[in-house]
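K.L.:
If you want the building blocks of each chain, they are given just below.
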Amino acid sequence: MVEDGIDAIFEPKSVMLIGASRATKNEVVLPSIFFRSLAHNMLRFFKGKIYVIDLSGRLGAGGKSPKLPKKLDLAVLVLPPNLALKHLRKLVGGRVKAVVVISGGYGREQLERLARVTVRRGIRVLGPNATPGVLNTSNGLCATIERGTMPKRGGVAVISQGEGLGAAMLDWACFHGISISKFASVGDKVDIDEADLIDYLSRDRGARVICIYMEETVRGGRKFFNAVREAAKRKPVVALSRNMAKVTVEQAPPWRGEILDAVLRQAGAVRARDFEEFFDAAIALAKQPPMQGNRVAVLSNAFGPAVLAAEALQREGLTLAKLSDETTKQIKKKYPDADGGNLICMTAAAKADCYEFVLKHVLDDPGVDGAMVINMLKSCLLEPDEVKVVADVAKKFSNKPVVDVPMGGEDYVLVSDVLKDTDIPTYSLPERGARALRALYLYGQIKKKVEM
Amino acid sequence: MAVDKKRIAEILASARKQGRLGLLEHEAKQVLAAWGVPVARTELAGDAAEAVRIARELRYPVVMKIASPDIVHKSDAGGVRVGLSSELEVRQAFDEIVANARAYKPDANILGVVVQEYLPQAMEVIIGTLQDPSFGATVMFGLGGVWVEVLKDVSFRLAPLDAGDAREMIQEIKGHPVLMGVRGEPQADIGALIDILQKVGRLAHEFPGIAEMDLNPVFLFERGKGAIAIDARIILGEGAHG
Chain A
28 MVEDGIDAIF EPKSVMLIGA SRATKNEVVL PSIFFRSLAH NMLRFFKGKI YVIDLSGRLG
88 AGGKSPKLPK KLDLAVLVLP PNLALKHLRK LVGGRVKAVV VISGGYGREQ LERLARVTVR
148 RGIRVLGPNA TPGVLNTSNG LCATIERGTM PKRGGVAVIS QGEGLGAAML DWACFHGISI
208 SKFASVGDKV DIDEADLIDY LSRDRGARVI CIYMEETVRG GRKFFNAVRE AAKRKPVVAL
268 SRNMAKVTVE QAPPWRGEIL DAVLRQAGAV RARDFEEFFD AAIALAKQPP MQGNRVAVLS
328 NAFGPAVLAA EALQREGLTL AKLSDETTKQ IKKKYPDADG GNLICMTAAA KADCYEFVLK
388 HVLDDPGVDG AMVINMLKSC LLEPDEVKVV ADVAKKFSNK PVVDVPMGGE DYVLVSDVLK
448 DTDIPTYSLP ERGARALRAL YLYGQIKKKV EM
Chain B
32 MAVDKKRIAE ILASARKQGR LGLLEHEAKQ VLAAWGVPVA RTELAGDAAE AVRIARELRY
92 PVVMKIASPD IVHKSDAGGV RVGLSSELEV RQAFDEIVAN ARAYKPDANI LGVVVQEYLP
152 QAMEVIIGTL QDPSFGATVM FGLGGVWVEV LKDVSFRLAP LDAGDAREMI QEIKGHPVLM
212 GVRGEPQADI GALIDILQKV GRLAHEFPGI AEMDLNPVFL FERGKGAIAI DARIILGEGA
272 HG
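Chains as they are written, first to last, in the numbering used here: chain A, 28 to 479; chain B, 32 to 273.
A few of these clues could be false.
[What the hints assert, rightly or not] Partner residues are not named here, just some residues of chain B that face chain A (Cβ under 10 Å, in silico): (1) Asp163; (2) Glu199; (3) Glu203.
[What the hints assert, rightly or not] Straight-line Cα separation of at most 20 Å, SDA-like style, residue types lysine to any residue; simulated pairs: (4) Lys205/B <-> Glu343/A; (5) Lys205/B <-> Gln341/A; (6) Lys40/A <-> Arg122/A; (7) Lys475/A <-> Lys48/B.
Keep in mind the hints are simulated off the structure, nothing from the lab.
Only a predicted model underlies this, so the values are computations on that prediction, with no experimental measurement involved.
Each residue gets a CB set at the ideal place from its N, CA and C atoms; glycine is no exception.
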């Protein structure tokens, strides 16, 4: 836990939810649906105290508002601006440490009023428009409007600027079993901004990697730059930024996107080129050590996938490791049929003992910085359970990353299920594995630079 | 070369006082020179006789360009003459440039002609700065000509930058191998380039009133032979000072 005003956002012991579960005559329906989802999520997952303030009087303590304690940690609001401001003054002032305003629609003057009743009274605020919300897998805080969307617990912390993408990220994480520590959408930043969250997460032990999705540039540029730079010294920061200048219809200032991109690079963030790479890189960085050099060994029980891997590695600026004569000799001695060239192809008959022996000797080779292990099940004798040896061997090499590629569809599902609770990240294609290794290499380079 | 901040502040203030946000070429070069950035020596001549005096001082051959706050694209206005090697040529060039400029833009305020020392052709690079509304001073780098104009092959960094940042932004562009020497060409003076990138970044950072700077082209010679800004443009920010 980090001593910080922001702490009450992520680590509250008690939370009040304010909204209306049924729309009254003059209101739009959407906020009431969102409020019901929020209440549902919190009641289902959150381990602390919950007080539901339903302005339409249906949810909560038998249709009545619960008796509120004098002090609470957090209030989460899903209400149109005018109602939110009214109830913030009435219910929240003096009672809570922090507020999350999920709903948006605030004009300039309303933002000012929001700041007056909260920030100026020492209450930290996330939002407004912090859609889809906030999440912490370690205490079950699921203050989002995405019904039932609770990823599994793990080391990937996510900050999102975009509402639509935020929801997509949560969905993706749940569906693909990506382990998340915390998630927050920054919204309109009346108080807490990207830099505050990066700073907080960089000191949060639960976050092994910080991911930030950027849809627009930031207001306090230098504060953001410094936050990323400091965070990158402690843990990897992965950034996906939209190149605003090229896609927006409205006239963006020239080079805006390129400048943001350069800032992220200069500050030491690993920049993902697309959404898939964003999480592929994050998972690798959360589970594996940075790669010290760019020499990757490819081990495979089939030739074709290994060739694709070699090409993909080259595209990512990595090279195939050249094994020492000694390593090749040892592999050949025990497994004469294995091809100990640049691509280490074991035969289709390779079993766990072969993977174990070869991977150990390959990682022992000083000419190898990391490895991609490919294990096909189809047309091969390997059984899914045997792939566990990859994790067992890799564990003994704390500074050489290993990624696993059970190439294909069904093979991937079977093997990734065996490895899911280990530190070995799995990718369905060699190209994705190569991009993950690139991220590990980039972070290795960044670490060298900041430690200089 | 010593840095002369006071001189820079004076040049910027004088342009503002005259209601100009764009510095004239010789002013922009004076700013850069006062900051220790190597620039082609360039002086303003109000008449042909003065142009001849400056040309002698700089040594023939010289380059001459129109000096007017109202003419940005000097070549389009017929306002550039190169390789002038005698008093006669300089006198003729002065009259022609001024006449062309008047024809091109009759209401232009023409201050005269700048006379610039001639430098042997070299690899051309572009160095610029921009004040980003959020991040402040940033430095841009690219290779000259089609590389920037067509391929948009540029890199950016926040200023001020350390030598590592400057090196990275040089390595980041796709045309980087060209700088390292291709087809038998010698390697360019990367050290001199790093030095200019850092200096220009520091200048933009310390004078946020400079909204935009454009050193285009910068001649980059082979290793050990340095680099020098041939043309320079500085635009001040509206309302901003410093």
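K.L.:
Would you mind marking each hint as holding or not holding in the structure?
P.N.:
Okay, the hints, checked on the actual structure:
Taken as an interface hint, Asp163/B checks out: its beta carbon lies about 5 Å from the nearest beta carbon of chain A, inside 10 Å. Below 10 Å, beta-carbon pairs count as interface contacts, and Glu199/B has one with chain A at about 8 Å; its hint therefore holds. Contact between Glu203/B and chain A, as hinted, is supported at the beta carbon level, the nearest pair being about 8 Å apart and thus within 10 Å. Taken as a hint, the Lys205/B and Glu343/A pair is honoured in the structure, with Cα atoms around 15 Å apart against an allowance of 20 Å.
The hinted pair formed by Lys205/B and Gln341/A meets the criterion: a straight-line CA distance of about 16 Å does not exceed 20 Å. Between Lys40/A and Arg122/A the alpha-carbon distance is near 14 Å, which keeps this suggested pair within the 20 Å criterion. For the proposed pair Lys475/A and Lys48/B, the alpha carbon gap of about 49 Å is over 20 Å, so the pair is violated.
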